[in-house]
Amino acid sequence: MRKNLLLIPGLFSLFVLSSCHAGSDPKIDAVKRAIDVAHAQLELSAAEFDSLSGFPRSLMPKFKVVDPKDWTSGFYPGTLWEAYRLTGDEHLRAEAEKFTARLEGIQYYKGTHDLGFMVFCSYGQQQQALHDAHSAEVIVEAANSLISRQDSVIGVIRSWDFGEWNYPVIIDNMMNLEMLFWASKHTGDPKYRDVAVRHADITLQNHFREDASSYHVVSYNDDGTVESRGTFQGYSDSSAWARGQGWGLYGYTMCYRETGDTTYLDHARRIASFVMNHPRTPEDLIPYWDYDAPDIPNAPRDASAAAVIASALFELSTLVPESEGKAYFERAEAMLMSLSSDAYLAEKGTNGGFILKHSVGHLPAESEIDTPLNYADYYYLEAIQRYLSLRGVDPLQL
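Positions -22 to -1, 1 to 376 (mature numbering (1 follows the signal peptide of the UniProt record, and there is no 0)) are the ones given, in order, by the sequence shown.
Hints in this document: simulated from the structure, not taken from any laboratory.
Among the hints, erroneous ones may be present.
[As the list claims (entries may be wrong)] Below are the DSS-like pairs computed for lysine-lysine, each with C-alpha atoms no more than 25 Å apart in a straight line: (1) Lys88 <-> Lys163; (2) Lys40 <-> Lys326; (3) Lys5 <-> Lys304; (4) Lys304 <-> Lys10; (5) Lys47 <-> Lys76; (6) Lys326 <-> Lys76; (7) Lys88 <-> Lys47; (8) Lys88 <-> Lys40; (9) Lys76 <-> Lys88; (10) Lys326 <-> Lys5; (11) Lys169 <-> Lys88; (12) Lys326 <-> Lys10.
Small disclaimer: the values here were computed from a predicted structure and weren't measured.
Using the sequences and the hints given, assemble the complete structure.
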């Protein structure tokens, strides 16, 4: 979720030469403007929520504030950390530390699979910025809590503890594995990595269709066989929920980075091909909330899915040969430019302090439709960081 991208030799000419005149580059100018908007919006929201104990999640139609146990609680602190690295503003750093500290107790919480989102997107960002011992301790303890949700027979980390499923696992869970890889590298104990690899392998086997699109929810029987495949947040059991495709793309790209296993790289490529070549992709490349939504082209767009996909494609572009990487980079860049346009980027002082407009949380439940979402902002700023790194541009010099 936080990997700083380093330029590899095969991609040097692609990314760095284009940054030689970054000061007059309209794409860099668009990103500079986006950072300025993000800075102003986060200053606004931090002041608004300073006296509250929760975290801003969305705006539908008014502020939705969540407590630490909400799966999105880590994104707002993480976004503050990202903005701090993009601006160098020490006030943002202070706000990031304050909001991150509100999540300290979550490291012991074993009632969710989303500890990667909650802890690694907050304390993980703090660790990257400060390299402090305390954040490392919190992350490792959260990793211990997360692996407690793996069944030794079924082999994957259980997602939800509600509903009629026997043992549900959602594609989103791929995003929580990065914390486990980090914990093994930090402690030298392979147990966290082993859990992550087993989860990724079984998910790859059972979550994906022939065209590399994914189901949202796969439930398992106690013996590890599949009980059912379907959706919870998508249009139908057979549809391709847009953000879910982003979670899979991001997750397997990250797994290849962490393991070097080309099975993961090949699968990330297949997901990327599905997303990039889908016939129902809009002209501005911001996907409809579900690729199979029945009311396309009038279906709501999902900026959060676009932000996740763009960030993943930027990383994937560094892991493949130059010609292939160029295609991934250019698609991600075009998506980033769309997100940075007036159509999706908020005006300062509007949008409840959120950065992006037009995301979709859970349309089947009539929840968070065409609204800002904190995780859209998080992955948008991450995509900006990755883009600038690949362009060889120091954000603090913009």
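Cross-check of the supplied hints:
1. Restraint check: the Cα-Cα separation between Lys88 and Lys163 comes to about 22 Å, which is no more than 25 Å; the hinted pair holds.
2. Taking the CA atoms of Lys40 and Lys326, the gap is near 17 Å; set against the 25 Å cutoff, the hint holds.
3. Pair hint Lys5 plus Lys304 holds up; C-alpha atoms about 16 Å apart against a cutoff of 25 Å.
4. For the hint pairing Lys304 with Lys10, the CA-to-CA distance comes to about 23 Å; that is within 25 Å, so the pair holds.
5. Our distance criterion of 25 Å between C-alpha atoms is met by Lys47 and Lys76, whose separation comes to about 17 Å.
6. Between the alpha carbons of Lys326 and Lys76 the distance comes to roughly 23 Å, so the proposed pair stays at or under 25 Å and holds.
7. Pair hint Lys88 plus Lys47 holds up; C-alpha atoms about 10 Å apart against a cutoff of 25 Å.
8. Using a Cα cut-off of 25 Å, the hinted pair Lys88 and Lys40 is violated, with the two alpha carbons roughly 30 Å apart.
9. For the hint linking Lys76 to Lys88, the alpha-carbon distance of about 23 Å falls within 25 Å, and the restraint holds.
10. For the suggested pair Lys326 and Lys5, the alpha carbons sit about 20 Å apart, so the restraint of at most 25 Å is met.
11. For the suggested pair Lys169 and Lys88, the alpha carbons sit about 17 Å apart, so the restraint of at most 25 Å is met.
12. Between Lys326 and Lys10 the CA atoms are separated by roughly 14 Å; this keeps the pair inside 25 Å, and the hint holds.
Consistency with the previously given hints fails for number 8 only.
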